[in-house]
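Chains as they are written, first to last, in my numbering: chain A, 8 to 463; chain B, 2 to 405; chain C, 60 to 310; chain D, 2 to 344.
Since the hints were derived computationally from the structure, they do not count as laboratory data.
All values derive from a computational prediction rather than experimental measurement.
Treat the hints with care, since some could be wrong.
Calculated lysine-lysine pairs in the DSS-like style (CA-CA distance at most 25 Å, straight line) [to be verified]: (1) A:Lys393 / A:Lys336; (2) D:Lys70 / A:Lys322; (3) D:Lys70 / A:Lys346; (4) A:Lys233 / D:Lys306; (5) C:Lys187 / C:Lys176; (6) C:Lys251 / C:Lys213; (7) D:Lys339 / C:Lys111; (8) A:Lys322 / D:Lys339; (9) A:Lys351 / A:Lys106.
Pairwise CB distance ranges (calculated) [claimed, not checked]: (10) A:Lys351 / B:Val390: 53 to 59 Å; (11) A:Tyr352 / B:Leu347: 17 to 23 Å; (12) A:Tyr352 / B:Pro350: 17 to 23 Å.
Note that beta-carbon positions come from the ideal geometry of N, C-alpha and C, so glycine has one too.
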Amino acid sequence: MDTREDIMTKLHLTRRGVIKAGAATGAGLAMPTIFVKGAAAYTNEPKGSEVVFGFNVPQTGAYADEGADELRAYKLAVEHINGEGDGGMLNTFSSKALKGNGVLGKKVTYVTGDTQTKSDAARASARSMIEKDGAIMITGGSSSGVAIAVQSLCQEAGVIFMAALTHSNDTTGKDKKKHGFRHFFNAYMSGAALGPVLAEAYGKDRRAYHLTADYTWGYTQEASMKYFTEKEGWETVATVRTPLGAGDFSSYIAPVLNSGADVLILNHYGRDMVNSLTQAVQFGLRDKIVNGKQFEIVVPLYSRLMAQGAGDAVKGIFGSQNWNWQLQKDDAASRAFVKSFGEKYGFPPSQAAHVAYVQTILYADAVERAGSFHPCAVIEALEGYKFDGLGNGPVEYRAADHQCFKDVLVVRGNENPTSQYDLLEVYAKTPRAKVEYAPDNEFFAGGALGECNPGK
Amino acid sequence: MFKGLDRNDIRLMLVVALVTLAAPLILNPFPADSAWAQFNAGYPDLMQRFVIYGIFAIGFNILFGLTGYLSFGHAAFLGVGSYAAVWMFKLLSMNVVPAVLAAMAIAGLFSLAIGWISLRRTGIYFSILTLAFAQMSYNLAYSVLTPITNGETGLQISINDPRVLDRAFGTAASDSVPYPDFFGLQMNDTASFEFFGRVFQFSVGYYFAAMLFLAAFYLALRLFRSPFGLMLRGVKTNQSRLEYTGINPRPYTLAAFVISGVYAGLAGGLLAAMDPLAGAERMQWTASGEVVLMTILGGVGTLLGPVLGAGFIKYFENILSKINDQILHQWFAFLPDGMEDFMVTLVSPFVGKGWHLTLGVLFMLVVIFLPGGLVEGFQRIGRLLARLVGRGRKPVSDDDKGGA
Amino acid sequence: MAILEIRGVGKRFGGLQALRDVNLSVEEGHVHAIIGPNGAGKSTLLNCLVGKLVPDEGTVVFDGRSLLGRKPWEINQMGISRVFQTPEIYSELTVLENVMIACLARRDGVFRLEAWKTLAEEDDIRGKAMQVLADLKMEDKADAHSAALSRGDKRRLELAMCLSQEPRLLLLDEPTAGMARADTNRTIELLKEIQERLGITMVIIEHDMHVVFSLAERITVMAQGTVLVEDVPERIRGNPKVQEAYLGGHG
Amino acid sequence: MDAIILQILNGLDKGSAYALIALGLTIIFGTLGVVNFAHGALFMLGAFVAVTVRRILTLSFETIDPTRKDFLGNPLKVKTTYVEHWFGPDAGQWLIDWSVPIAVIAAIPVMALVGLAMERGLVRHFYKRSHADQILVTFGLAIVIQEIIKYFFGANPIPVPAPEIFRGSFDFGVLLGFPENAIIYPYWRLVYFAFAALVIGGVFAFLQFTTFGMVVRAGMADRETVTILGIDIDRRFSIMFALAAIVAGIAGVMYAPINSPNYHMGMDYLVLSFVVVVVGGMGSLPGAVLAGFLLGILESIASMKALIDLVPGINQVIIYLVAIVILLIRPRGLMGRKGVMED
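Next comes chain A alone, as it looks inside the complex (with noise of 0.2 Å):
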């Protein structure tokens, strides 16, 4: 370490720095004059009276249009901090840190950038916000593969990753970091939510057949999933694993009824569920009698975009969301959150919009606690942090691992929906305890936080 830094100070060169000596020389020359960025204490200090953030989300791609919906809240919370709009959650936030003046008296900006859900485009995206625009945060994320990307690009550049849209148990295990924030839930706690609803809802006697994703995320969602079903007495009869993008699902569906297994579990997401979901249905898999008891079919992992892609087929069939707008029944944040983004959109939030709101209000709540944008600062007063009046009920960052621990809500596809915007129901919230787990499980275990990095 000791010899780099020498030789940096030789060439005069800081990381992501400036020529100190530069100021010297144009101080010298009577014109042009030469302006040196003044030496910041940490990537992209805000210096004038405007902060930039960094909204990162899918705009082209299978998930184009989660990532506009995300872009919606985005600006939705940007209006809000800035104290226009109607202030949405942040009249039900506990922290009344955020006055509607920005952030630290400075105005909010934005820039946007397609991640194209791939890991390179979306560090190629995050970095020209970091290098470019000057981005103090960056938010966005559409699968867990891109935010694990993000995150770890942010931690070296020096910047925050408020996650939006990740799943996978890595995002706050094996690969956490300590400059990323996870407000989502996670593979683990979706299991824990569905494995007792499952049981009570399907009976213990159960035999469930695995179809998974080829790919990280598929593999922690169908290990949390049979962990926890077999912790319910159910028996995993077989777990196939299918190529990402199949399209045509139908030789890992029809042998499925065969194989003695009464519950098909899809542990796919996105265009990969909206077909094999529809293509399940379409066997006719749920109008069989299997074992002496109906077929079943769970999609552990449901999005509002995806029922409406499957649309009837998703009839009935159990699943877990981080949020969903009929909340507002009886609670008065996630009421206020769909009426502000209901009156400037027309149609109420996904859970995609309000995790990407969500995310930005606490990262300048953070801020504006903190008292600076400093990264080590914020990281500090995010961690550990409990909040509610977010839409989800009491919520902590926890510390030892930046995931958010809350209730998670077990969804079912509504038998008789009035739109396509109450395609899910709630059906049930399983309480925090019985979703949390030590920072060490199994499930997490490996990778470390790291430090602080204030970049320059």
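Guided by the hints, dock chains B, C and D onto chain A, whose structure is given.
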């Protein structure tokens, strides 16, 4: 050094070198707080991508432009190069030299194996063979090879990696994830100057990649003008004549295939050196298709074309996708309210989430109006300028006579 | 001494016996013509010589070494060059580049990876190529695109490529096909001159009797896949078998 | 045993989809010599014809139901479709239910127009250009088509259900003496298979037994000669392009209930269809069909659990592996002609 090159080639090389070295200045024409700052491309990440994808496309063009063999699986070599580089970072040292060398070596071996099989066929049969190999690599890297490639997330560096050499020399950082460096100069070290509101960023990573780009360009230039290059063009024009002239085309095409594979490996290694993460998407057919498009768009078989094509695509991908309604409103703020909204509505389908649309339209326009690719466009502008200036000299871009 | 010895060569394509027991020997330094009506098997025989086809039976020996099973480039490297019926040139390259490829192939053999040295440094090769072009009075077209050449010039270019390799045996497949009489005569003169100056052995396949009798020292007449008769031109002219083969009989 | 029969049946169905897509592509390859990267987009457009027809049939007007509330607490607007309003609920529901077969009929003229417009407006000018230029321009076109669809329909898949009576599956196993549920096959896939067989047979019969077809086949073999004979082969080629577009389009319509249409599905099938066409052999229609079925069946068999457990990842690579092996054994694919797209 310039022995054997004519004046036009030397001039071309010098212009390319000058532009490359001055890129941080040239690509930043707009003040940072102006509405047009969006179009600045002079930040490290994008400049690095320009030169790295330039290397990739130059190498691809050595195969496609000279021999006419259209590989639809070249991204596999880029991906393999990236994985090799990251593994070197993890196992040996954060120094980029072993990583880049390993990337080139592994990609070379990989392309030797694939080329040896695929070159048994010509035309579209060859294209499909290369495509099949690349898609297999991608599918496996994304799924069952996850232990080696870290699948969906991509291979990353972690604090606990062995990094044998770094530990032996005591340069291994223990408290945080290290960054690739060139004997102590970290790739993400950047010096920035502010000058009349323009922020110029000089990054170590960019200059490291740029030097390798210039070397790659120079080597390609010589290769184009070499007897070897002539034989490759012979393969493209009339393979059977070549056989009856006493030349076995196979070793030539295989050599061209491996050279372009090594170029791709170098590009992949550099991508990993600039940003130490290797994702499987780098090997997908869309990535292979992208380098084909870069080459055709710029001008097949010309020296400069593929570089222009690479720059064109990467520029529009990175710049257009970041333009959002907020920025559009800024641009058209000078118009009356109704007009402003109308203009924003008109333009917004082409930027932000619609950047693909613009790119598609541009592809069609270029291929319809500039059959020779962007290089032809430059030549036309050059000729026009020459005529305007009224001097009889040939314009610079005419030098790019690379062949076919 | 015979430089090329063909003994008992036969070739079948499915049910068609294209060549049957063909025997032929070509003396070094001679111009040897092969004539015969369409379908006589002349081109098939030629393809068996250059490695495009492999005979089913028989032997082909060039300068004491068998040609059977060798690839076209190996046969060329042994000193056999071929001019095609329709000119086979590198139409996207310049005339000079066309000839330089042939010169390089002669010098470097089947494969040589030298990507660093440029053509501009290859003075010897360039000089030799220019020399051959000058011999064929094409030096003024050296920088022209070969696609733009006239048909006659394309044929001369192909000839230049073959000659630049200093072959020991030159195979010419209908070198004057489709030419006007004046061009044909020029070609005859050219070939004569080359033969006199360089003493290259030539095998010419030709329809045009004018060409054949102007050039050939020996003539082999083929019909229906086999050799009908082989002799000096004077005796071929009056041979009744030949007249029968051309004029009537088998139909 | 039953597992293998099951997968062969699945493979026939997958194969009929592959064959249909590849058929149109190979018509364009074979007749026009054009590398059409926009062919996947035609398939996708077909699927969106199904979406559009369903949207049109479900066009509705709103009436306010004051007794119910929407998500913001305002009175709920209840939608009634026009077809139900006009034809009564039963007939209206029936029309909506049968939207996919109706869409097939609608897709024929629509796709013919799209095909003609593409050929006349763009592709025609690229017959004499290099394959590289053809790739660039058709790829550009594919992106433009797909982005236009995304602009109007979004990126999310849109469900297009098959008619109600085709839901559920048929138990083949019982017929063959296997236990219940051993070999099941969804009704809609039976329909799809029959439909594909019909279309493929139709195209072959058209090319084989009509004068038009004979001329086109002659044109495929030797374009110049046919032109010399004074036949306007260009006009026929435009019609062939339209035909290819129709085949791709109706394949897309019928596939919509299996694979919910999304704007990107064309690109997803593009690579696969190229592989099928080339494995079948350039310029050979029977080759494309044969390769489609072969790859479909092998892909299905490779997705059996026993095989995946034996060779991990085999289901990920089977198609490409088979393609490589076939191309190495047979230089021009299964039934390719010499000299087509070999340089």
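Hint-by-hint comparison with the structure:
1. A:Lys393 / A:Lys336: Holds, because 24 Å separates the two Cα atoms, which is no more than 25 Å.
2. D:Lys70 / A:Lys322: Holds. Lys70 (chain D) to Lys322 (chain A) sits at ~22 Å (cutoff 25 Å).
3. D:Lys70 / A:Lys346: Status holds; Cα separation ~14 Å.
4. A:Lys233 / D:Lys306: Between Lys233 (chain A) and Lys306 (chain D) the Cα gap is close to 18 Å, so the pair holds against 25 Å.
5. C:Lys187 / C:Lys176: With Cα atoms ~18 Å apart, Lys187 (chain C) and Lys176 (chain C) stay inside 25 Å; holds.
6. C:Lys251 / C:Lys213: Distance of about 19 Å is within 25 Å: holds.
7. D:Lys339 / C:Lys111: holds (16 Å)
8. A:Lys322 / D:Lys339: violated (54 Å)
9. A:Lys351 / A:Lys106: holds (21 Å)
10. A:Lys351 / B:Val390: 53 to 59 Å: holds (56 Å)
11. A:Tyr352 / B:Leu347: 17 to 23 Å: Given a distance of about 21 Å, which is inside 17 to 23 Å, the answer is holds.
12. A:Tyr352 / B:Pro350: 17 to 23 Å: holds (18 Å)
Consistency with the previously given hints fails for number 8 only.
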